[in-house]
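A.B. asks: Assemble the whole structure, with the sequences as input and the hints as a guide.
Protein chains in written order, with my numbering: chain A, 1 to 284; chain B, 1 to 316; chain C, 1 to 516.
Keep in mind the hints are simulated off the structure, nothing from the lab. Take these hints with a grain of salt, some might be off.
Heads up, simulated BS3-like pairs for lysine-lysine below, C-alpha to C-alpha not over 30 angstroms straight-line [claimed, not checked]:
#1 C:K191 to C:K201
#2 C:K93 to C:K156
#3 C:K236 to C:K209
#4 C:K93 to B:K180
#5 B:K180 to C:K276
#6 C:K236 to B:K180
If you want the footprint, here are the derived chain A segments under chain B, 3+ residues with CB under 8 angstroms [unchecked claim]:
#7 29–37
#8 91–102
#9 158–167
Virtual Cβ for every residue (Gly too), placed ideally from N, Cα, C.
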Amino acid sequence: MKFSRAVRALLRSRSGFAGSVLVGLLVLSALVSLVWTPYDPTLARPQDSWLLPFSGGHVLGTDRLGRDELSQLLTGARSTLSTALLAAAIAAAVGLALAFAAVLTPRRLGAVVVQLTDVLIAFPVLLIAMILTAVHGGSTWTVVTAIGVGAGVNLARVARAEAGRVLGTDYVLAAHAAGSGTWRTVRKHLLPNIAPTLIVQLSLVLSVAVLAEAALSYLGFGTPAPAVSWGRMLQEQQQYVTARPLLVIWPGLAVAASVLGFNLLGDGLREATDARLRVREVAA
Amino acid sequence: MTLYLLRRAGLLVVSLLAASVLIFLVLRLLPGDVAQTIGGIRATPAQVAAVRHDLGLDRPLAAQYGSWIGGVVTGDFGRSVLDGTSVSGQLAEKFAVTGPLAVGAIVLALAFAVPLGVLAAVRRDSRLGSAVNALGQLGIALPTLWVGLLLVVVFAVQVRWLPAQGFPVDGWDEPGQAVKSLVLPWLTLALAEGAVLLRFVRSAVLDVLHQDWLRTARAKGRTRTSALVRHGLRNAAVPVVSVLGLQIAALIAGAVVVEQVFVLPGVGQMLITDVGNRDLDKVQGEILLLTGAVLVIGFLVDLAHRLIDPRLRSAV
Amino acid sequence: MRRSTTLRLAATAVLAGLAATACGTGSADDPANAGQTSQAAEPAAIDSGATVDVRLVLEPTSLDIASTAGAALDQVLLDNIYQGLLTRDEDNKIRPSLATKYEESSDGLTYTFHLAEDATFHDGTKVTAADAVWSLQQVTAKGSKNPDAAALASVKSVSASDDHTVVVKLKHRDTGFTWGLTGRAGVVFEKGTDFSSLAGKENGTGPFKLSGWKRGSSITFVRNDAYWGTKAKVAKVVFHYIKDDNSANNAQQTGQTDIETAAQADLLQPFSDKSKYTVLRGDTTDKFTLALNNASGPTKDVRVRRAIRQAIDNAGLIKTLGGAAKEVGGPVPATDPGYEDLTSIDAYDPDSAKKLLKQAGYGDGLKLTVKIPNIYPTEIGDYLASELKQVGIQLTVRQVEFQTWLDAVYTKHDYQLSLVDHAEARDLYNFADPDYYFGYDNADVQKWYGEAQTASSDSQRDALLKKAARQVSEDAAADWLFVSQTLTVVRSGVTGVPRNFTSNRYSLADLAVAKK
Numbered sequence: 001m002k003f004s005r006a007v008r009a010l011l012r013s014r015s016g017f018a019g020s021v022l023v024g025l026l027v028l029s030a031l032v033s034l035v036w037t038p039y040d041p042t043l044a045r046p047q048d049s050w051l052l053p054f055s056g057g058h059v060l061g062t063d064r065l066g067r068d069e070l071s072q073l074l075t076g077a078r079s080t081l082s083t084a085l086l087a088a089a090i091a092a093a094v095g096l097a098l099a100f101a102a103v104l105t106p107r108r109l110g111a112v113v114v115q116l117t118d119v120l121i122a123f124p125v126l127l128i129a130m131i132l133t134a135v136h137g138g139s140t141w142t143v144v145t146a147i148g149v150g151a152g153v154n155l156a157r158v159a160r161a162e163a164g165r166v167l168g169t170d171y172v173l174a175a176h177a178a179g180s181g182t183w184r185t186v187r188k189h190l191l192p193n194i195a196p197t198l199i200v201q202l203s204l205v206l207s208v209a210v211l212a213e214a215a216l217s218y219l220g221f222g223t224p225a226p227a228v229s230w231g232r233m234l235q236e237q238q239q240y241v242t243a244r245p246l247l248v249i250w251p252g253l254a255v256a257a258s259v260l261g262f263n264l265l266g267d268g269l270r271e272a273t274d275a276r277l278r279v280r281e282v283a284a
Numbered sequence: 001m002t003l004y005l006l007r008r009a010g011l012l013v014v015s016l017l018a019a020s021v022l023i024f025l026v027l028r029l030l031p032g033d034v035a036q037t038i039g040g041i042r043a044t045p046a047q048v049a050a051v052r053h054d055l056g057l058d059r060p061l062a063a064q065y066g067s068w069i070g071g072v073v074t075g076d077f078g079r080s081v082l083d084g085t086s087v088s089g090q091l092a093e094k095f096a097v098t099g100p101l102a103v104g105a106i107v108l109a110l111a112f113a114v115p116l117g118v119l120a121a122v123r124r125d126s127r128l129g130s131a132v133n134a135l136g137q138l139g140i141a142l143p144t145l146w147v148g149l150l151l152v153v154v155f156a157v158q159v160r161w162l163p164a165q166g167f168p169v170d171g172w173d174e175p176g177q178a179v180k181s182l183v184l185p186w187l188t189l190a191l192a193e194g195a196v197l198l199r200f201v202r203s204a205v206l207d208v209l210h211q212d213w214l215r216t217a218r219a220k221g222r223t224r225t226s227a228l229v230r231h232g233l234r235n236a237a238v239p240v241v242s243v244l245g246l247q248i249a250a251l252i253a254g255a256v257v258v259e260q261v262f263v264l265p266g267v268g269q270m271l272i273t274d275v276g277n278r279d280l281d282k283v284q285g286e287i288l289l290l291t292g293a294v295l296v297i298g299f300l301v302d303l304a305h306r307l308i309d310p311r312l313r314s315a316v
Numbered sequence: 001m002r003r004s005t006t007l008r009l010a011a012t013a014v015l016a017g018l019a020a021t022a023c024g025t026g027s028a029d030d031p032a033n034a035g036q037t038s039q040a041a042e043p044a045a046i047d048s049g050a051t052v053d054v055r056l057v058l059e060p061t062s063l064d065i066a067s068t069a070g071a072a073l074d075q076v077l078l079d080n081i082y083q084g085l086l087t088r089d090e091d092n093k094i095r096p097s098l099a100t101k102y103e104e105s106s107d108g109l110t111y112t113f114h115l116a117e118d119a120t121f122h123d124g125t126k127v128t129a130a131d132a133v134w135s136l137q138q139v140t141a142k143g144s145k146n147p148d149a150a151a152l153a154s155v156k157s158v159s160a161s162d163d164h165t166v167v168v169k170l171k172h173r174d175t176g177f178t179w180g181l182t183g184r185a186g187v188v189f190e191k192g193t194d195f196s197s198l199a200g201k202e203n204g205t206g207p208f209k210l211s212g213w214k215r216g217s218s219i220t221f222v223r224n225d226a227y228w229g230t231k232a233k234v235a236k237v238v239f240h241y242i243k244d245d246n247s248a249n250n251a252q253q254t255g256q257t258d259i260e261t262a263a264q265a266d267l268l269q270p271f272s273d274k275s276k277y278t279v280l281r282g283d284t285t286d287k288f289t290l291a292l293n294n295a296s297g298p299t300k301d302v303r304v305r306r307a308i309r310q311a312i313d314n315a316g317l318i319k320t321l322g323g324a325a326k327e328v329g330g331p332v333p334a335t336d337p338g339y340e341d342l343t344s345i346d347a348y349d350p351d352s353a354k355k356l357l358k359q360a361g362y363g364d365g366l367k368l369t370v371k372i373p374n375i376y377p378t379e380i381g382d383y384l385a386s387e388l389k390q391v392g393i394q395l396t397v398r399q400v401e402f403q404t405w406l407d408a409v410y411t412k413h414d415y416q417l418s419l420v421d422h423a424e425a426r427d428l429y430n431f432a433d434p435d436y437y438f439g440y441d442n443a444d445v446q447k448w449y450g451e452a453q454t455a456s457s458d459s460q461r462d463a464l465l466k467k468a469a470r471q472v473s474e475d476a477a478a479d480w481l482f483v484s485q486t487l488t489v490v491r492s493g494v495t496g497v498p499r500n501f502t503s504n505r506y507s508l509a510d511l512a513v514a515k516k
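C.D. replies: Here it is in structure tokens:
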């Protein structure tokens with residue numbers, strides 16, 4: 001009941017609708033690629049190398065190894081989707097744990113957590129990725145962990161700032177004074193009040209994960225073969241951008257559309273869950 | 001406030017120490033070492049062992065950490081094992097590229113993100129507001145390296161206004177050339193950072209627009225704009241400043257990618273090369289300085305928070 | 001006698017040369033036709049005050065050539081700054097250098113080198129036999145850190161018979177000894193040089209002096225006007241380290257560089273105007289070797305190794321990488337002694353590969369992992385995975401950092417398949433060493449290789465090497481995917497540009513610029 005109302009609210013908002021469509025496309029591509037692609041996306045055929053779109057039965061043409069571009073794009077959606085979701089899950093776990101530990105534990109312990117978070121934030125994600133890659137070799141998990149932890153500590157800081165703000169508000173202080181327990185405060189006041197910010201943040205993490213995967217692949221620390229990834233497509237083709245820009249444009253657009261989708265969806269969710277906004281919209 | 005400042009500064013020192021231990025240990029997890037780089041692949045195990053001994057790499061970790069941190073305390077961040085250059089000197093040299101890149105990008109980003117963000121929030125129901133918001137969304141969505149590549153194709157390859165990649169051989173001794181070669185990197189980085197900032201500015205301003213006290217201020221006869229300027233922006237600035245602090249770390253990561261795309265001889269390129277060579281003495285010095293910079297910025301952001309939000313002042 | 005090979009750390013360089021269009025349509029920029037092997041003669045009027053800017057790929061990690069390994073040091077420092085008793089020319093033939101001539105005794109055990117009488121170090125000191133003896137002794141001394149120390153393993157003693165004559169006695173005949181002297185091991189330093197002081201400066205004997213090193217960007221040489229031999233024809237050379245091929249092309253197009261080494265074959269369109277640019281095609285000894293663990297795992301079975309070789313269409317790989325490479329079929333490239341065309345051994349035949357796998361008990365499929373340093377283009381791994389999939393092998397590609405590769409594959413032999421560019425010339429010894437990471441152990445090959453080292457003539461040596469190389473290939477000890485070629489773009493008016501083996505040696509001795 002509540003859920004379906006939220007979905008309706010989401011689809012009513014323009015960004016929510018657009019975001020749902022884009023993310024829907026991403027999910028659809030990933031699902032379709034599980035059962036059907038025009039060609040085997042990893043099949044290298046030197047004699048078909050660099051075909052133009054709509055030639056030799058390849059709608060979007062082929063790359064240097066003669067692999068079908070469309071098949072790779074469809075299959076690449078799987079890596080993108082799984083990278084984004086796993087990274088966001090890790091980020092949410094890391095971020096919330098650190099944020100709550102910082103604001104809810106006794107002051108001294110909290111201060112230690114705050115400092116630890118700050119130290120971790122100061123570590124570049126790239127370095128985490130490099131170290132993980134060096135130790136374990138490039139893999140989807142390496143990428144996901146690096147992005148998740150990197151984004152998680154950032155999330156922790158924003159969540160902490162928000163939580164601190166909410167805990168300082170009169171109504172929370174009042175609730176506390178009225179004898180509301182810690183967990184009740186968290187559930188009743190803290191979570192609902194920081195949720196809009198968290199959702200915006202998580203939608204950002206989803207999109208950051210997609211972008212970071214592309215960037216890590218570009219630097220050679222990304223998803224390895226035989227998995228197909230848009231980031232690696234970009235990395236493999238970027239050298240030929242002047243000669244064959246289309247092959248760089250497709251995966252770039254795919255990445256951009258996914259990121260945009262996640263962001264718009266986040267916006268839509270925010271509008272749908274933010275009571276104040278909803279009331280205002282109804283009133284308007 | 002003074003007490004707070006002292007405590008916060010104490011924490012900063014502790015954080016720096018913790019960071020140094022973390023950096024030191026994490027780097028020791030990396031397989032391979034610089035002795036192999038120096039000796040090369042044809043070196044016999046005995047040769048590599050001799051090199052390790054000469055470099056003191058066979059000493060206990062605690063001793064190695066001690067001698068490193070001892071140097072750091074006296075301002076000596078260490079030297080490259082490979083070519084003997086000092087970390088601070090090399091970092092200063094590379095910062096001549098990365099510094100202007102990062103500062104220029106963030107200034108550029110703020111210059112368009114703040115006004116556009118406020119505009120997008122205040123006029124959120126108008127066509128203009130939606131357009132600005134959509135632009136911001138798009139800016140976040142575009143992969144940095146992809147934008148860089150496309151900018152190169154358009155401005156350097158097609159119309160040939162700007163150099164595609166690289167930095168003048170003589171660096172800032174050729175200021176015109178140096179600035180020219182930073183234009184596309186600035187744009188690329190500022191677009192990515194600015195779009196994120198725009199989103200936060202918009203969201204923060206939207207938040208304050210619906211706060212009761214803003215309504216109160218309006219009820220007391222202030223116009224919407226004046227209420228926003230008097231009370232709103234100050235409150236909206238809290239999350240924005242906190243995001244800005246975060247962006248500094250993101251900026252460094254972004255700079256690494258942008259340096260790769262535009263082949264700029266900056267800090268990012270140096271780090272990647274040094275890690276590859278396992279020149280750990282140099283890497284740990286570099287990372288500590290970078291991490292330290294971010295921590296100090298975090299410290300300043302916290303102070304700024306307190307100045308902006310009076311409620312926090314009494315909190316601790 | 002344990003020897004191992006020098007692997008190029010940044011083979012990006014090499015692969016750059018390997019690039020790739022192949023639109024399949026045979027257009028005018030078809031890379032298979034790109035590049036020529038001859039260049040214009042030196043012009044009548046040369047500009048002796050000229051500065052030449054050269055694009056190189058891999059920057060040295062240090063300039064201490066006595067103890068820091070790396071082809072990037074050899075490339076710029078050997079012949080230009082530092083000189084050995086002997087050197088090699090554009091065809092990898094041994095030539096005199098600081099030793100203007102030398103004699104070999106009939107039993108092959110004594111070599112007498114006559115040093116140039118007027119040679120000086122850059123600090124002005126005369127080069128004497130004492131310097132050469134001291135330098136060689138540092139290499140052969142116990143605990144030597146010279147990366148090439150193994151090249152002089154056969155040396156028994158080194159002495160000076162007068163101020164300009166050096167006598168080297170060997171323990172046994174060594175057909176590789178003079179070759180060894182053309183590399184690091186033969187470099188002459190001033191007696192008593194503290195090698196640790198050479199990390200950022202130099203005191204060589206060559207036609208150029210080091211004038212500056214901007215780390216991460218460029219190294220500058222200036223002409224040594226006091227050079228003892230024929231003086232350099234240009235005043236200054238700046239090496240720009242540009243890894244990215246597009247940036248290198250841009251630098252060459254805008255005139256920031258005069259010479260672009262390791263140019264990418266399919267990005268040569270901007271240089272098609274023959275009146276402005278010359279594209280040179282040169283040989284390398286870069287053997288892209290798919291190592292198949294001979295000592296453990298499924299690839300211990302020769303049938304699996306042969307199946308893998310037969311499953312991979314090397315010609316197709318070369319085509320997709322742009323055509324600037326040659327098939328080789330065995331461990332010896334065409335420019336090394338002992339070469340013969342072995343491409344017919346285990347040629348591309350997926351059906352036969354499937355049969356072999358079935359015989360080996362893998363008819364239902366086989367899962368393998370290949371470890372590839374992340375300095376090589378990821379497409380090679382993609383291609384291998386695609387080819388092996390056709391015969392029922394599921395290949396996982398694991399990209400690792402080069403240092404991790406060194407640790408896991410090279411040192412600990414922890415791998416099934418591995419791909420690395422074995423860049424060094426004359427490195428057949430890796431297949432004569434059962435402890436090497438290939439794990440290939442064949443007594444005949446070891447015997448033939450050993451005999452080749454002590455052979456009494458080059459022809460006898462070459463026959464033995466040929467026999468060994470053929471055996472190695474027949475045993476499918478590895479798969480040699482290709483030997484790459486390298487392309488150099490030269491601005492017109494610049495002559496005397498090195499063409500072959502440019503990532504190992506880059507002699508500037510003949511470089512000249514026409515007067516405008």
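A.B. asks: None of the hints should be skipped; say for each whether it holds.
C.D. replies: To see whether the hints hold, each was checked on the structure:
1. About 16 angstroms separates the Cα atoms of C:K191 and C:K201, which keeps this hinted pair within 30 angstroms; it holds.
2. Between C:K93 and C:K156 the alpha-carbon distance is near 25 angstroms, which keeps this suggested pair within the 30 angstroms criterion.
3. Of the pairs offered as hints, the one joining C:K236 and C:K209 holds, with about 9 angstroms between alpha carbons and a cut-off of 30 angstroms not exceeded.
4. With a C-alpha separation of about 47 angstroms, the suggested pairing of C:K93 with B:K180 is violated against the 30 angstroms cut-off.
5. Under the criterion of a C-alpha separation no larger than 30 angstroms, the hint pairing B:K180 with C:K276 is consistent with the structure, at around 26 angstroms.
6. With a CA separation close to 26 angstroms, the supplied pair C:K236 and B:K180 stays within the 30 angstroms bound.
7. Using a Cβ-Cβ cut-off of 8 angstroms, 0 residues of the segment 29–37 of chain A lie near chain B, which falls short of the minimum of three, so the contact claim is violated.
8. Counting residues of the segment 91–102 of chain A whose beta carbon lies closer than 8 angstroms to any beta carbon of chain B gives 0, which falls below the threshold of three, so the coverage claim is violated.
9. Counting residues of the segment 158–167 of chain A whose beta carbon lies closer than 8 angstroms to any beta carbon of chain B gives 5, which meets the minimum of three for the stated coverage.
Consistency note: the structure conflicts with the earlier hints numbered 4, 7 and 8.
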